[in-house]
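> In case you want the letters, here they are:
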Amino acid sequence: MVDHAAEPVETLKTGTPEDAAAYLLEKFPGAVSADTRPGFQGVIVDPAKLVEVAQTIKDELGYDFLSSATAVDYLGYGDHLEMVYHAYRISGGTALNFKAQTDRENAKLPSLVGVWRGADFQEREAYDLYGIHFDGHPNLKRILLWEGFDGHPMRKDWKEAYYEDELKPFDSRWPDGGGVHRSEEKNVFGKNVRYPADFDLAKLTDISEESLYKMAGVDVEMHAMDDGVRTDTLVVNMGPHHPSTHGVFRMIISLNGESINTLEPVMGYLHRNHEKIGERNTYLMNMPYTDRLDYLSSMGNNLGYAIAVEQLMALGPRYSPPTYRAEVIRVLMAELTRIVNHLWSIGFLLNDLGAFFTPMLYANNEREKILDFFEAASGSRMMCNYMRFGGVFKDIPERIKSMATMVNDRVRDYDTMQFLSQMINERLPRFIDEYDRYLTENEILRERCIGVGVLPAEDAINLSAVGPLLRGSGVAYDVRRAEPYSIYPELDFDIVVGKNGDIFDRYAVRMQEMRESLRILRQILPRLEQTKGEPIVSGTQAYSPRVPPGESYGRVENPKGELGYYVVSYGDDKGTQNPWRYHVRAPSFINLTALGPMTRGMKIADVVTILGSIDIVLGETDR
Amino acid sequence: MSSKELDLKHVHDTEFPLPAEMQGNVAVTSLSRIYNWSRRSSMWPMLFGLACCAIEMIGTAASRFDLSRFGMEVMRATPRQSDLMIVSGTVTKKMIVPIVRLYNQMPEPKYILAMGACASGGGPFKEGYNVVSGIDKYLPVDVYVPGCPPTPQALLYGLIALQKKIDGQSLANLDDVPWYGVGPSEPAPIPILGPDIIDPRQMDLIRRQAELAARGEPTYVRELPPVVKKVKAVPSKVTKAAAAAPAEIAEDPRREEILKRRLAALARKRARDAAKAN
Amino acid sequence: MYGMGILKGLGITIKHFFATYTDEIRYGLRKYTKAVDNFQIRQGPETKGIFTSMYPDEKIAVPERFRFVPFLVVNDDDHPDAPGADWCTACGICAKVCPPQCIWIVRASDPNTGRPVPRPDEFYIDIDICMNCGFCMEFCPFDAIKMDHDYELASYDRTTVHIHDHERLIKPFSYWKSIAPTTATEEAEARGGWEHIDVIKERKKREAAAARAAAAAQPAAAPAPQASTAAETPAAADVAAPVAEAVADAPAPVVDEAEEERKKAERLAKREAALARKKAKQEGGDN
Ligand code: SF4
Ligand code: SF4
Ligand code: SF4
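Protein chains in written order, with the numbering used here: chain A, 909 to 1531; chain B, 3 to 280; chain C, -1 to 285.
Looking at chain A on its own, in the form it has when it is part of the complex (with noise of 0.2 Å):
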């Protein structure tokens, strides 16, 4: 596709992403021009050589990895819609960050899904809620909503119906919030509905189903096996009710005899407007809405939030960066969840392997205890709303200790340390290695993950995958060594990796991962104890704070792989309250665009732990 004939120079692959923004304004003069707003990075690209470009961006510049890939609408500054592209390095270091501009009528841009096929679905995404047709996408189809919705919501000038304000804080809660004016009560229909006004009952058909089997490719036909026998396809749908789908998620599958030709993920049954709604909240709100993203591990998702903010905030002048105990206790808190989280993933795996629920009782039993200090610490067990931006809403408690204030409540009180170091270095250890034991040498686990489900290395960096997922394939990729944030540089572990890509490996990364986060927290215990009684916020905390104007995208390495938020405060010179932009690149959702090709050939009975493995959660695959 590149006519440019130059070998690819090797110190190209190494430089800086400015280095690059250089060289690619030097290459491409006039489609290519460096993004001058105030806040903003990167370059933006002609549309027309868009794919040319990200060509070179890939194979030149060595940005072999697409992280996010995510719409904005600016509309009454400049009326364009913009898709940006965060593109990294496997082997580590800042993103190169491009974008390409299209009117909002009539939306257009080349697809990039030849470039990187980890595109496919959030160009879709993009493609349903912004209405950006991708020339050239293999698929372009809705993905969150059905086929059929009117409009594309994520626009700022579409209105839901139960529509209040352009921003929150809504004026009519206070002083004079009369009566509980309910959004039910202003809805016509007393529902959460909305009909374009020349909507035609008589002439409704419901096509979401009938499309969804024909993108899936339902006609009849007969097959000639290899051994000359014919069968029929045959189409499966599962979900979105399915004990082994993890929450509603939904496959169509299409099977010769019991081996699997087409995969097609549906997903969106759980998509709540995250997105939307964080547009409206002021930056702080969106604090406790990420807690149910993923809602296994809402500390991690916590500190994807809190660092992308503070990113944005380190613009400004009035900026303070979080104090060392907050970024210690930061850190606690995401090793914790990440123990928990690959507890249950583990305990889910084996649930889809058959193994009802006793391996996941055990597991249980370990996390039910680390929610205790979650709960002694943050106030909740799951929704830990935890982190604030420049440290965290308060320091651990000297004592896990609760008040009978109920008829038959029944006490327990503990010194945290002790609590914690004993579940550090005794208990989960122990129960690890147990587990270890119990389980991996299983010859019916072994059967049936070794060589299943395999991703070969390539793919899986090209697919965009991450996590455990990637790292089952062998590529030793880490945002927490990839580009360190918090006090991860100074702390000793591992990156685990698998050898081939298949279920079993993901599963011992997964293993091997819990104990390289004791490692990781028996580090922290000192830490903790040097760092008593230090703030654990920087600054005081505001409402309501003022963010400059900019863009950041803060990512971590959440138990699921890499989590990443794009924020964008726009709009106003001295900052806003409101991000006029902000996006979760969630790693569940672009780790399904692997699940296509993983299963493909492989048995129907496959799918259940092909897609156990992967581990996704539906808060955050459909926001």
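Simulated from the structure, these hints should not be mistaken for laboratory data. A portion of the hints provided could be inaccurate.
In silico DSBU-like links for lysine-lysine, alpha-carbon gap of 35 Å or less [claimed, not checked]:
no.: 1; chain 1: C; residue 1: K175; chain 2: A; residue 2: K1309
no.: 2; chain 1: A; residue 1: K1094; chain 2: B; residue 2: K112
no.: 3; chain 1: C; residue 1: K6; chain 2: A; residue 2: K1511
no.: 4; chain 1: A; residue 1: K1440; chain 2: C; residue 2: K46
no.: 5; chain 1: C; residue 1: K6; chain 2: A; residue 2: K1309
no.: 6; chain 1: A; residue 1: K1302; chain 2: C; residue 2: K46
no.: 7; chain 1: B; residue 1: K167; chain 2: C; residue 2: K169
no.: 8; chain 1: A; residue 1: K1440; chain 2: C; residue 2: K175
no.: 9; chain 1: C; residue 1: K169; chain 2: B; residue 2: K166
no.: 10; chain 1: C; residue 1: K169; chain 2: A; residue 2: K1309
no.: 11; chain 1: A; residue 1: K1302; chain 2: C; residue 2: K199
no.: 12; chain 1: C; residue 1: K199; chain 2: A; residue 2: K1440
no.: 13; chain 1: A; residue 1: K1049; chain 2: A; residue 2: K1067
no.: 14; chain 1: A; residue 1: K1407; chain 2: A; residue 2: K1440
no.: 15; chain 1: A; residue 1: K1302; chain 2: C; residue 2: K175
no.: 16; chain 1: A; residue 1: K1511; chain 2: A; residue 2: K1440
Sample of chain A residues at the chain C side, in silico, Cβ under 10 Å [as the list claims (entries may be wrong)]:
no.: 17; residue: F1078
no.: 18; residue: F1301
no.: 19; residue: K1309
no.: 20; residue: I1403
no.: 21; residue: V1404
no.: 22; residue: A1450
Just so you know, even glycine gets a beta-carbon here, dropped at the ideal spot from N, CA and C.
Dock chains B and C with the ligands against the given chain A, drawing on the hints supplied.
For chains B and C with the ligands alone, kept in the frame of chain A given last:
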């Protein structure tokens, strides 16, 4: 056994000759009790999780809280074997269609427990364009468990509340046990995914709205219910006498003022929206 | 040998099965001697066997920071000056910070002048929207809204009971102190006393003014006896430090102030005692 044979209503039919000592429905009440007891002690929930609350539901079923103490550990993956649907999480428009289908497939008697703020009333995601603000907009709910998420103990409390509700039911009252009435029970109408979710029960209203819109007339806006100002009990003993009188006097002008202010705010907002639209 | 892994796994299952009983035996005796609370061990990091808690008979008490739906703090009923008075000043910060916007407040206004007064007339929280995030508690400048520990809220009908109005929301300050003593103490220290912050400010202002007046009248008054009075009453220990500061600011305090402090401390102590009695009685009733 057909439903006719089991129609216990006859026991209470006045034309049905009842011995005097049976008038108090002794037999029926105790039968009810046995019936209720067996029902409440073997509630099989459907294995079905929607969102974050589902994790707490699994936590409830797991080792620490142990649902089996209530006879509920048998989570069935199929609706045809389950008695209880725990709606655990945010109900989206895309998901309500399968949920209603699942509900219709459950055999009577069936119960719904709305777990968490989302399932009860939309929760934090209420304003979202793809969120159904409360499962009770489409299906009848027996018990609501608030919280976001309700802790396992809160869920257990809700389940006990459901058991209490069942205990209070009587076989003699057809309102309690409608499934023993004559004829099959009505299935809940399945919503349609059109340009937005369409509730078949609201077809008429939607059609009327569409006609109005097509003619260019303003679609009617629901009247907000008037602000009902409660005369609050003044809590303090000391200030009670002093405060009671002015509170009553203050009643009327204040209300008018609030309404006026709200109307003004509405007008301002309309103007703002219009300006934005242009 | 093929199948060894499975057997090993089964061995671990069996071990878990027996661990429950060995735990029982290990802690069983201590349970009966009451030296160690069996529950505490069973739920803690040392346990090896099952750790089921029998919910309605044996509830796991929630930790202090636990947050469920919010409630509003009011003065206790036996408060000497303003029993049952709202701590909330209708400043609206909680309504502004609430992420899903589920708080509705009507600020009270003076019926004669129409000017706003710092008191909520109506206060609603829709608990079907509330996400239990705790921001309202965190950012309320008057410590007037707190997260409750009562999670047993299930109901049969949401339309009637799931919008908590002012009446449903208010709980006395002593309740907050009983569910979260550490946090309440921290907050009281930050405020400078157990009272509402406005009361404290008011008092400090009065003190300062009185002190100035006193200083003008009799510049020779000795501060020594006053300080000792404050130190003598142990219940006032929390309050002592800030008060002493206020005193230090004032050039020459009057003894009356100290008297008031002492009386207040006495009241506090009495209330504490009453509370303790009440709690003891409750516990006695439960057993
Ligand atoms: S109520 Fe809260 S925890 Fe439950 S599903 Fe909704 S957002 Fe998640
Ligand atoms: S922030 Fe506190 S004082 Fe202000 S309105 Fe809310 S509860 Fe009342
Ligand atoms: S807890 Fe959070 S959601 Fe609930 S009322 Fe307070 S601020 Fe609002």
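> Which numbered hints does this structure break?
5, 14, 16, 20, 21
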